[in-house]
Structure formats: structure tokens, C-alpha cells
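Asker: Convert by adding 13 to the 1-based position in the sequence shown; the result is the number in the numbering used here.
Please note that a few of the clues may not be correct.
What the hints assert, rightly or not - Using 27 Å as the maximum straight-line C-alpha spacing, the simulated DSSO-like pairs for lysine-lysine come out as follows:
1. LYS162 x LYS121
2. LYS113 x LYS162
3. LYS162 x LYS123
4. LYS162 x LYS420
5. LYS113 x LYS123
As the list claims (entries may be wrong) - Restraint-style ranges between C-beta atoms, simulated for each label pair:
6. THR115 x TRP320: 32 to 42 Å
7. GLY57 x ASP293: 25 to 35 Å
8. VAL429 x ARG97: 24 to 34 Å
9. THR417 x ALA386: 52 to 62 Å
10. SER217 x ASP293: 43 to 53 Å
11. GLY126 x ALA226: 14 to 24 Å
12. ARG382 x TRP320: 31 to 41 Å
13. THR417 x ALA208: 33 to 43 Å
14. SER217 x ALA58: 51 to 61 Å
15. PRO50 x GLY148: 24 to 34 Å
16. HIS416 x PRO118: 39 to 49 Å
By construction, these hints were calculated from the structure, which means they are not laboratory data.
Source: prediction; values computed, not measured.
Beta carbons are placed, not taken as given, at the ideal position from N, Cα and C, and that holds for glycine.
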Amino acid sequence: MIIISRISRISRFLIALILTLSPLPAAAEEGPEETAPLSLRIGGAEFTPGGFIDMSAVWRSTNVGSGVATAFGSIPANNSLAGRMSEFRMSATNTRLTLKVTEEPLEKLKFTGYVEVDFAGTAPGTAYVSSNSLGFRMRQAFVTAETGKWEILGGQAWSLMTPNRRGISAAPADIFLGIGQDSSYLAGLLWARQAQARVTYHFSPNWALAFSAENPDQYVTAGTTLPAAFRSQFDAPSGNGTIANPRPDFAAKLAFDVRPAGRSVHVELAGMSRAFRTVDASLEKRTAHGVGGSLNLFVEPLPNLRWILTTFFSSGGGRYVMAMGPDAVVAPDGSISPVHTTSGVTGFEYQPRPSSQLFAYYSGAYFSRNVVADGEGAIGFGHPGSPDTANRQIQEATGGYIHTLFKNPNHGALVVLGQYAYVTRAPWYRAPSDSSDRHMHMVFGGVRFTLP
């Protein structure tokens with residue numbers, strides 16, 4: 014019995030020792046949640062930095078003097094000095110930094126803060142001499158609150174009128190700007206980044222409706238002739254940030270997303286309302302209203318092939334098309350007449366394999382003539398004798414190729430980009446002796462490292 018007792022104690026000891034030294038299987042349900050490689054949790058919030066380092070180069074057949082971002086509305090006449098001079102520029106100005114902060118203080122309440130900056134801000138006149146000290150610039154800075162089917166946004170973000178690739182959010186991945194290298198995007202693209210308050214309701218995973226009140230700015234171009242008494246009441250390319258706007262710009266958008274046979278389809282209908290105001294010397298106020306609408310389609314007819322169509326029709330929406338046309342003109346008595354603007358983009362994006370992407374777009378914008386006083390001392394937009402900068406139409410055809418050299422979820426991606434573009438511009442008035450054209454060839458190249 015003593016021997017049996019000792020054997021029993023020894024057996025229990027050996028079993029305990031084996032269990033102690035043996036690794037136990039980890040419980041899969043207790044593993045940590047997957048997060049972005051650069052994410053950092055502080056308290057209850059998750060901080061995720063992002064962005065990319067970009068080096069861009071551009072050659073143009075004429076000198077528009079705008080750096081990497083193309084000034085579509087300022088292409089010089091081909092018989093002018095600037096029109097006969099080609100331009101080459103290299104810059105890292107497109108480098109972009111982002112920070113996303115998410116927090117869920119309650120079970121059904123989620124906050125997301127997003128800040129996006131680049132280096133395309135105002136730079137000193139001697140920036141390119143030695144130091145190339147490019148201007149730091151805010152692109153977006155907003156916060157969203159999501160609860161149930163509701164989402165509220167406040168801050169500076171892409172205008173609700175800017176086309177979405179999918180959904181209805183202001184997240185960069187959901188916005189359509191083209192995928193080329195030109196940081197002025199496309200000549201016929203409708204867009205703005207401005208302060209706003211937005212409310213979105215998601216009826217279902219397929220349908221969403223949003224309303225926004227956005228920062229206004231009644232604007233005219235350098236080619237618009239206004240009565241002297243009212244010039245200071247409109248913003249212009251020379252800058253006038255103290256305009257007394259009567260109310261916000263209001264916008265609404267209805268979006269529909271579906272994936273038949275696994276291919277994405279996005280359709281959206283958007284509209285906006287604007288208001289303009291003047292005050293004459295007798296303190297009498299006059300107002301006018303502008304309206305605009307868009308129908309945009311993003312369709313995948315074949316696997317990895319996306320067809321794109323954006324449209325914009327407006328009375329008083331010139332500022333939203335790269336500010337290449339005026340919002341309105343003013344008569345000598347102060348009455349306001351909005352200028353009709355039409356623009357659009359069509360094209361395709363094709364990804365034959367994960368590392369390669371091809372794209373081609375055609376876009377254009379048209380600004381209608383609006384003359385309120387003819388003859389000597391003419392007033393309005395597009396009148397005989399108007400400046401060369403009074404643009405009637407601008408068109409662009411562009412295409413390019415993007416190749417991913419390296420991509421890893423934990424280490425980022427390295428891509429090279431190439432793009433060609435042909436742009437034409439037609440003003441409303443040319444002198445009888447002026448038979449020149451206004452067109453330009455552009456070639457872009459770049460290397461971009463995207464953070465993981």
C-alpha cells in the first residue's frame with residue numbers, strides 16, 4: 014500500500030509538471046483587434062497617421078506660370094511670348110499628411126476626426142531660388158458623429174456637390190477627382206473644399222440622402238467687368254476675403270449604390286441653391302438666386318473597368334468649376350444676373366492587374382455670355398472688347414498609367430505615375446487681327462510613396 018501511495022503521488026507530480034511546461038492553445042476569440050499598422054491608441058481614441066510623399070514633374074508646351082497645378086483658365090495665346098515658351102517644373106508640393114482619430118464613447122455613437130494638409134499653400138516669391146520653402150496648407154479638417162442611420166459632419170471638407178465614387182461621405186477614398194498627377198484635377202470637374210455643416214441619413218446600405226449648409230463666396234473672374242461701385246462687393250482672383258455674403262450655399266445629394274453580379278454601380282443626383290446681394294449708394298439692397306444640379310454615374314460594366322460620367326448645369330455656379338467663370342454680373346443700378354455654367358467629365362479607369370492602372374478622361378466647361386450694357390463702357394461677361402481671360406469654353410483630353418512597384422500592408426506602397434494632357438481654351442472676344450489659338454500639351458511624371 015505504501016508503494017502504491019508513493020507511485021500515485023509521483024504520477025500526480027509528473028502530470029502537473031507536464032501540464033505546467035506544455036504550451037496552452039490561445040483562444041482565438043480573445044485575440045487583439047486588427048488595426049492599421051501606424052495606429053496608436055491613447056485613452057479611448059485611436060490615432061491613425063497617413064498620407065504620401067510625392068515628387069512630381071511637369072512639362073508644358075506653353076508657360077501658364079502655375080507650377081504643378083495647372084491654371085486651365087489662363088492658357089496664353091500661342092502668338093504671345095508666354096505662348097511660345099515651354100515650361101518645366103519639379104516639386105514635392107503634392108506631398109500630403111493626414112491624421113484620423115476615431116472614438117466610440119457610447120455603444121451606438123462613433124466620432125471621427127480627420128485632418129489633411131499639403132504643401133501647396135502660398136509661398137514667398139523667392140521660394141524656388143534656394144530653399145524651396147513651400148507653403149503649408151489645410152485641405153480638410155472635420156469631425157463626424159455617427160449614430161444609427163444618422164451622420165453629422167462639421168468642419169472644412171469636400172463640398173457635397175463634389176462627385177462621389179461611392180456613398181456620400183467626404184472621405185478621400187469616396188471622392189472622385191480623377192487619378193492623374195495634375196493637382197488641379199480635371200478642367201471640367203465640379204469641386205470645392207469649404208467649411209460646412211452636413212447631415213446624412215442612410216436609408217439602407219444602398220440609399221443615402223444628405224443636406225449641407227456651406228461657406229458662400231459671391232465671385233467674379235478677372236475677365237468680368239462690373240460697375241465700379243460694386244466691384245468691392247464680389248470676390249475676385251486678386252483676393253477679397255471680406256465679402257458680405259447674404260446666406261450659406263445650400264446643397265443636397267441623393268446617392269444609390271448597388272453591386273449586381275459583383276460589379277459596382279453608383280448613381281447620384283445633387284442640387285444646390287445660392288444667393289447674391291448688392292447694396293447701392295442709397296443703401297438699397299438687391300438680391301438674386303443661383304441654382305445648379307448634377308447627375309453623376311460610376312459604373313463597372315466589366316470586371317475592373319469603371320466608366321465615369323459627371324455633369325453640372327447651373328445659373329450662378331461658376332465658382333464651383335475651378336473658379337474659371339463668374340457667378341454673376343451686375344448692372345449699373347445694382348441688379349444681379351447669374352451667369353449660366355455647364356461642365357462635365359467622362360472617361361474610364363481600367364485595372365488589368367493589381368499592380369497596373371490605366372485611365373483616360375475628357376472634360377470641359379462652358380460659361381455663357383451675359384452682357385448688361387453694350388458699347389463704350391460695356392459691363393458684364395463676354396462683351397465685345399472683353400479681356401482675354403473672359404473664358405467661353407475650356408476642354409481637356411488626358412490619359413495616363415500608374416504602376417505599383419511595391420506594396421505591403423505593413424510597409425506602404427511605392428508607385429510611379431505618367432500622364433499626358435491636351436488642353437484648349439477659347440475666350441469670348443478676340444481682336445479682329447488675332448488669329449491665334451490657345452492650346453497646350455502637358456506631360457506629367459511622378460513617384461509617390463504611400464504610408465501604410
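Asker: Of the hints stated earlier, which fail here?
Answerer: Structure breaks hints 4, 7, 14.
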